[in-house]
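K.L.:
Protein chains in written order, with the numbering used here: chain A, 1 to 325; chain B, 1 to 332.
Keep in mind that the hints are not guaranteed to be accurate.
Each pair of labels, with its calculated beta carbon distance range [to be verified]: (1) Asp-285(A) x Glu-315(B): 32 to 38 Å; (2) Pro-205(B) x Asp-295(A): 41 to 47 Å; (3) Tyr-322(B) x Glu-189(A): 24 to 30 Å; (4) Glu-20(A) x Glu-227(B): 41 to 47 Å.
Keep in mind the hints are simulated off the structure, nothing from the lab.
Heads up, the beta-carbon is just placed ideally off N, CA and C, and yes, glycines get one too.
The chain contents come next:
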Amino acid sequence: MAEMLLRDAMSKALREALDEDERCFLMGEDIGAYGGAYAVTRGFLEKYGEERVRDTPISESVFVGAGVGSAMIGMRPIVEVMTINFTLVAMDQIINHAAKLSYMSNGQLTVPLIIRTVTGGGGQLAATHSQSFENWYASVPGLRVVVPATPYDALGMFRASRKDNNPIIFAEHALLYRVRGEVPEEYYEVPLGKARIAKPGTDVTLVAYSGMVRVAEEAAAKLEEDNISSEVIDLRCLSPLDLDTVIESVKKTNRVAVVEETWKTGGFSGTIASDIQEAAFDDLDGPVIRINGPDVPAPYARNIEQLMIPSADWVVESVKYNFGL
Amino acid sequence: MATTLNIETLAKEDALEIFTQMLLIRRFEEEAERLYRRGLVRGFLHTYIGEEAIAVGAIPNLREDDYVIGHYRDHGHALARGVDPKAAMAELCGKATGCSGGKGGSMHLFDAEKHFMGGHAIVGGQLPLAIGIALGVKLKELDSVVMCFFGDGAVNEGEFHEAMNMASLWKLPVVFMLENNLYGMGTDVNRSRAGGASIYGAAEPYMIPAVQIDGMDVMAVRETVSEGIAKVREGTGPVFIEAMAYRFHGHSMADPSNYRDNEEVQENRSRDPIDKFREDCLEAGKIEATDLELAAEKVDLVVQEAREFAEQSPEPAPEELYTHIYADPEEN
Ligand SMILES: Cc1ncc(C[n+]2csc(CCOP(=O)(O)OP(=O)(O)O)c2C)c(N)n1
Ligand SMILES: [Mg+2]
Chain A
1 MAEMLLRDAM SKALREALDE DERCFLMGED IGAYGGAYAV TRGFLEKYGE
51 ERVRDTPISE SVFVGAGVGS AMIGMRPIVE VMTINFTLVA MDQIINHAAK
101 LSYMSNGQLT VPLIIRTVTG GGGQLAATHS QSFENWYASV PGLRVVVPAT
151 PYDALGMFRA SRKDNNPIIF AEHALLYRVR GEVPEEYYEV PLGKARIAKP
201 GTDVTLVAYS GMVRVAEEAA AKLEEDNISS EVIDLRCLSP LDLDTVIESV
251 KKTNRVAVVE ETWKTGGFSG TIASDIQEAA FDDLDGPVIR INGPDVPAPY
301 ARNIEQLMIP SADWVVESVK YNFGL
Chain B
1 MATTLNIETL AKEDALEIFT QMLLIRRFEE EAERLYRRGL VRGFLHTYIG
51 EEAIAVGAIP NLREDDYVIG HYRDHGHALA RGVDPKAAMA ELCGKATGCS
101 GGKGGSMHLF DAEKHFMGGH AIVGGQLPLA IGIALGVKLK ELDSVVMCFF
151 GDGAVNEGEF HEAMNMASLW KLPVVFMLEN NLYGMGTDVN RSRAGGASIY
201 GAAEPYMIPA VQIDGMDVMA VRETVSEGIA KVREGTGPVF IEAMAYRFHG
251 HSMADPSNYR DNEEVQENRS RDPIDKFRED CLEAGKIEAT DLELAAEKVD
301 LVVQEAREFA EQSPEPAPEE LYTHIYADPE EN
């Protein structure tokens, strides 16, 4: 099996889309001549031309809306918003339009649109450029939210996303582009809404997604040194959400911590924690632990920036302290 | 302003059709207002009364494969595009037989088959969608055009300016149809726009050819729009048409109407586009008074049928709450 960077897995996914489906085109800021802010589409303009690899003005609202409109008449647009921070100026098109058109038209219209965007902090880009809003989008009926943590899943879930007929927020974590992982040559897909047991275990369940999966895995390795066996669950998608896999694990381990990069207030971990206690209260040995970034804007200075992003040591300490392990 | 097309050049059946369509919209909305007062129509109801000449002058110039999209003041656009009055009235009444299954209401009429791509209720929000439909048309190498309606209030939204720039930059087949009725809710356009009540100059920095017309003169609208469509169909990019208008009733049924004085309203009502067209036709000997009476009777019947259909139709079944949130996976 070949090893591949997540960035290259995404490039492969996009090339496949353009090669296989003439209804597909890419659109976004600096995806063509510049090659993509994160170099995912380097060389695409030369290969596919300006019609299918469209550099847009810095007008998120209209180019996201143009994705929606073209999808309404049967195109399969793949729109790139440079980072998730900038999706805020296109929120009207995403939430009021993309997510609503199927329902409001009673199924007469569909919006098969993939919005690729880059999420997460840790790059010393400070408060406006270090946020994660996947959880916000996950609360909107009509949207799907896909949050891959590995190159394998990035390619596999992108393939599945292309077959879906709904507006999708496909959020790639900035710090994962250089992560290497196995990607088979043979065709495969990873269905949307199926969580993955990244590491099986028996004593405690660590639930994570996107950039936090690696943190949870690292924490699990450290806990293992103290003979604490953790099961790491990668949610893969926030919508649709695979709660069953989480509950099954909790029934086995009776302890669970949810690890999430974004702010604790309003974090998706709150939804997961609440769902778990509703579904499996009697299986719990203690409260569901939420390990989130604190409610502060991201600072620039490295030392204090690192204090706001959950780390493996933070997870280890929290698990040991809260569960008395 | 562009000059009025000579009514003489109009075929008699076209004149009757224009009259019938304008009157249908008028009577449909008067009935909708009655239904609102009876509590059968709820939510926001925005009527187009006084502005009928724009939709009827503009939309019938389009081909079936063209697209229409607009804002929440959408009954006129929908009916002029051929949406079934029964389905439209049922939608206003929140019935399962409505053109949006009772899920959209007055502000969100849809008929995909008729290429009526929606009333949209976020001011300015339909403009990016129109750009996308036009982009799709272009990528599919079709020669359809997209007609997008919006109000004077929408011009102050960022989405308007983003859309204008992209339409011009990418030479997209869009007819921008500005309905300038001088108010955004209760705010006089002179109090909301630097540069005042005349807006079409806003297209100039985007290099979009623009013209202002009397939107109460259906013949002027018809002539200008048909020229505009022809130009857009050549593939050279968008055009911008500002139709000056006035809404005779409140912004919505909830409007206390204390921001404009009665004199102003009466002055504008004396220029009623339907009356004007009727008089012009009679004067030109284009149609007989009896033809018009006959047409009016037919319209009344259509509206009555629409009301009865809406009243008798079932509400959406409870399980409809959960349908079409996501697309069916089969259709791809
Ligand atoms: C983004 C947004 N802001 C505010 C509103 C509330 N609102 C609805 S209609 C309207 C006035 C719009 O006026 P205009 O664009 O001139 O259209 P008209 O109603 O006159 O046809 C306002 C402020 C809204 N629906 N959407
Ligand atoms: Mg107005």
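K.L.:
All hints, please: hold or fail.
P.N.:
Here is how each hint holds up against the structure:
Between Asp-285(A) and Glu-315(B) the beta carbons are some 48 Å apart, a value that contradicts the proposed interval 32 to 38 Å. Under the hint 41 to 47 Å, the C-beta atoms of Pro-205(B) and Asp-295(A), about 43 Å apart, fit the expected range. Between Tyr-322(B) and Glu-189(A) the C-beta distance comes to about 26 Å, which sits within the given range of 24 to 30 Å. A hinted range of 41 to 47 Å for the beta carbons of Glu-20(A) and Glu-227(B) is consistent with their spacing of about 42 Å.
When each numbered hint is compared with the structure, a violation occurs for hint 1 only.
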